[in-house]
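> Given next are the chains, with one letter for each unit.
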Amino acid sequence: MKALWLVLVLLALVALAALPWYGSDVLIQFGISTLLLAVLAQGWNIIGGYTGYASFGNSVFYGLGAYGVAIAMVQWNLSFGFGMAFGVVLAVVFAFLLGIPVLRLKGHYFAIATLALAQVMAAIVSNIPLAGQNIGLVLPPLNNDRLFYELSLGLLVLATLTVFWLTRRKFGFGLIAIRENEEGAAVMGVNTTLYKVLAFALSGIFTALAGGIHAYWITFLDPESAFDISLNVKMIIMAVFGGPGTILGPVVGAFVLSAISEVLSSEVTSIAGLFFGVVVVAAVVLMPRGVADVIRRFRSSGWRYFAENIKAHRL
Amino acid sequence: MDLLAQILVNGILLGGLYAVMALGLALVWGVLNIVNLAHGAFIMLGAYLSWHLFTYLGIDPFLGLPITAIVMFGVGYGVQRGLLNLVVRAPMFNTLLITFGLEVVLTYLAQLAFSADFRTINPSYAGSHVAFGPVVIPLARLMAFGIAIVLTVGMWVFLLRTKLGRAIRATAQNLVAARLYGVEPRHLYAMTFGIGIGLAGAAGGLYGTVSQINPYIGATLTAKSFAIAIIGGLDNPLGVLVGGLVLGIIESLTVAYVGATFGDVASFGVLVLVLIVRPSGILGKTA
Amino acid sequence: MSRAMTRFGSALLCAALTAYGLPAFAKDIVLGASVQLTGSSANTGRYYRDAYQFAIDKINEKGGVKVGDKQEKLALKLYDNQSNVNLSVRQYVQLVSQDKVDLLLGPFASNFALADSAISEKYKIPMVQGGGASDQIFSRGFKYIFGTLAPASNYFGSTVEMLTKLDPKPSKVALLYADDAFDVSVAKGTRPLLKKAGLTIAMDERYTSNASDFNSLLSQIKNANVDAVLVAGHETEILNFIRQAKSLAVAPKMYSFTVGVPSADFRKALGKDADYAFGMTAWLPSAKLKDKWFGDAAQFAQDYKAKFGYDPDYHAASGVADVEAIAEAIEAAGSTDHQKVRDAIAKLNFPSLYGTIAFAENGQIDLPQTVIQVQDEKLVPVYDANGFVEKPKYPMPAWNAR
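Chains as they are written, first to last, in the numbering used here: chain A, 1144 to 1458; chain B, 3 to 289; chain C, 283 to 684.
Don't read these hints as lab results, they were simulated from the structure. Please read all numbers here as calculations on a predicted model, not as lab measurements. Mixed in with the good hints, there may be bad ones.
Said to hold, decoys possible - Quick list of simulated restraints, FRET-style, between CB atoms:
1. B/N176 / A/V1330: 23 to 29 Å
2. C/Q621 / A/L1290: 21 to 27 Å
3. A/N1220 / C/Q621: 26 to 32 Å
4. B/G76 / A/L1156: 50 to 56 Å
5. B/G76 / C/K574: 54 to 60 Å
6. B/T222 / A/V1300: 37 to 43 Å
We put the CB at the ideal spot given by N, CA and C, even for glycine.
Extracted from the complex, chain A is given alone in its bound form (with noise of 0.2 Å):
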């Protein structure tokens, strides 16, 4: 059972890989956009999904990366590669720095907190004229989708990987400890602190690489966009979606989700936020624990299990 469902994932995998061969101009850039998510998804996972603590700042770490690759690439005419690794610096810097005091709070104050601080980056960042202030910065154009596809897969196989390799190691079952009863974890000699801010800073790093990616690709950024709020739901309601807490839960939310999101952006316009409004609010009251418990569920339940959800989470 193991290995047919490996083999199942190694020819996805492939076909994946070889679409920038079979597929349209518009497939390779829907796959980007896509494929980016996915690893934001992911990356929240780890922090959100296994650690408990639903992160409203990552997308802090997300304008980090890209400001990162945009100053390195714009201002010091620095390669791409540097620019990333500067990116990563800068968001392991900061999920050290401000990651300690914020993962103190509990609940809903961490994610107002996190919230927060993407606000203050957002407007410390249109101060500084080395980020091109307010009117942000536009990169050198590089027409090479193929490369941007290739390195977008990479990533997600990257942090997919990475949470895979998680959940067989003590970190990964401290994390989910943690989630499950914090004092409890610290009272069976877990590290809590540490083990939060390396979540924190690991979410932040594959968050950060995938804001380089997309910087470079769509070759520009400006505060706004750089610490958009809605890509952090975004990337919660994926994960949330999909399954969190789970391997490839994340990965078949982002994919679900931004399939029929861009069918309606392209067709219908000015449905397409409101559909977005729409499918959280139904996600949330009907499937709170994503895709992958409907999988599950489903075959026992069938469609009594939405009732069921309904019936445990209402007043």
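For chain A, the structure is supplied; the task is to place chains B and C on it using the hints.
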């Protein structure tokens, strides 16, 4: 010196307006533990309602506040009863997501219904002012400040001294016990949320007289309201007044003496600081 | 049962075909654009949607565009970028790579044009935009971006000139500007103009875009006793600025704004409070501006209002100019080949309802701005390249003395 006095007065008046905006959010969050990310969108709807009452029925926005508040109360009651009650016992972060989705939906519906054109509520006295020596006090803001005090104190009295207020707080603190006493929690939750949205609607009516209205003002207003609610503290309804004043004064001073682009850095910076150092807020009890 | 199935089947087929983006007539020349139809810039963005469609319809009415020896019609493929720059960029990529449009029209706003022009440059397709005036757009050495809005740096040019001729002559000026691409460009260009005119810059403040509270800045203006206030910002900000100036009793001798004043619903929202405000426009609906397709600018303004229900301002005229520029260039090049059309656009020089359309070396048009003022709730041209047109109402009285 005159400039400093004027800047401080500006800040205090701004603080009053901020306090009214955040009052509904703080009530719903502090009492029901529901974090409403759509709060700003409801303020926006209240503003549009006020505008329609003023433009088509000639009702003065300040006199029409009770109407706006009651209608929005109805809206809030419906939203809680029909939608939010479904996720009250889910992990808290589900309400964050669902209210975010609600915010998106409300903004789009408003854009479809009212178009993107901006509107202003312009009663004849909206531009007048009262002068105290060298300090000029815009009349509309002064009235909003007065209303802020009335509403905040009123909310404090309601929650801490009336039977209904105590019932609401009791239900939120212990659902099972409340049920045993025959309280119908679904109704009570809906009433509380309704009151919160009614307050948001009233804030919207005030906002329309001092600024302009368009479907997209919701997000920024929500963010500001959050900052105010947390800085002031959620345990005490008077906290929003404190939070609003602190934020209003800090913003005004920053814009005047540091630079006009640093206003947000100051507001959200203070918020982050409060969260790190004293998460229960200025008037909150330390856990 | 089977009839319903056939109908359903054909509906499905139609949906599938439209989803694949098959154009209605295979031979149309398709112009693609991503414009703000919803979101915070929508109320100006729609001017471009209406202008583009109006111009294309008018040109088609008069026979279309001559390509070599064939007459071909123009068509418009428009996306709504929801006032989101990122989405706008992706939509331009989609227009180029999926919809395979022939040529590009631009979005509204400089920050959008700045980002979107990177796409036209990347794919080497000419884009003519009428919504971005910031000099930054044209200072990158890009070859495929053209703009019909006059340079941002010179927006206050004729205003500053006028200031030196007013009596009593203003000496202290406050310069306020939002922190986006266009307004920063305006401020950068205005500073040397003010210095050259011998005016003192008493306040030079950059503020956050979409700010709603100007009380602090207004208090500082009052305290510094400035004579003239120049504001480079967005309509919603300027609306707030004027209302709050009234409620704080701040009345400098004059104030001038980069946007808002030319647009009818801005003046309507303020009512009498809009009086005395100065603005500028590079276009007025004058019968002196003759046009091959619309007759003249005055006729155009009438027809536009009849069709859309609101008066066109320079944004709409600029949008029409973009379409006309592309049409003229295709005819001059005799083809829709990207490189040929691009070169033809660069060499254009023809009269239109917008004025003379000719692009400088860097791709931007250069037109002088006419200073306008709201007098008794009507828009009056006051000062242009040849001096005073009408008498300006100056100085502005205190608010309670109006």
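> So, for every hint listed, does it hold in this structure?
Status of the hints after comparison with the structure:
For B/N176 and A/V1330, the hinted distance range of 23 to 29 Å is satisfied, since their beta carbons lie about 27 Å from each other. Judged by the Cβ atoms, the range 21 to 27 Å given for C/Q621 and A/L1290 holds: they are separated by roughly 25 Å. One distance hint, 26 to 32 Å for the beta-carbon pair A/N1220 and C/Q621, holds here, with the actual separation near 29 Å. Look at B/G76 against A/L1156: about 54 Å separates their beta carbons, and that is inside 50 to 56 Å.
One distance hint, 54 to 60 Å for the beta-carbon pair B/G76 and C/K574, holds here, with the actual separation near 58 Å. Distance hint for B/T222 and A/V1300: a CB-CB separation of about 39 Å, consistent with the stated range 37 to 43 Å.
In this structure, none of the earlier numbered hints is contradicted; all agree with it.
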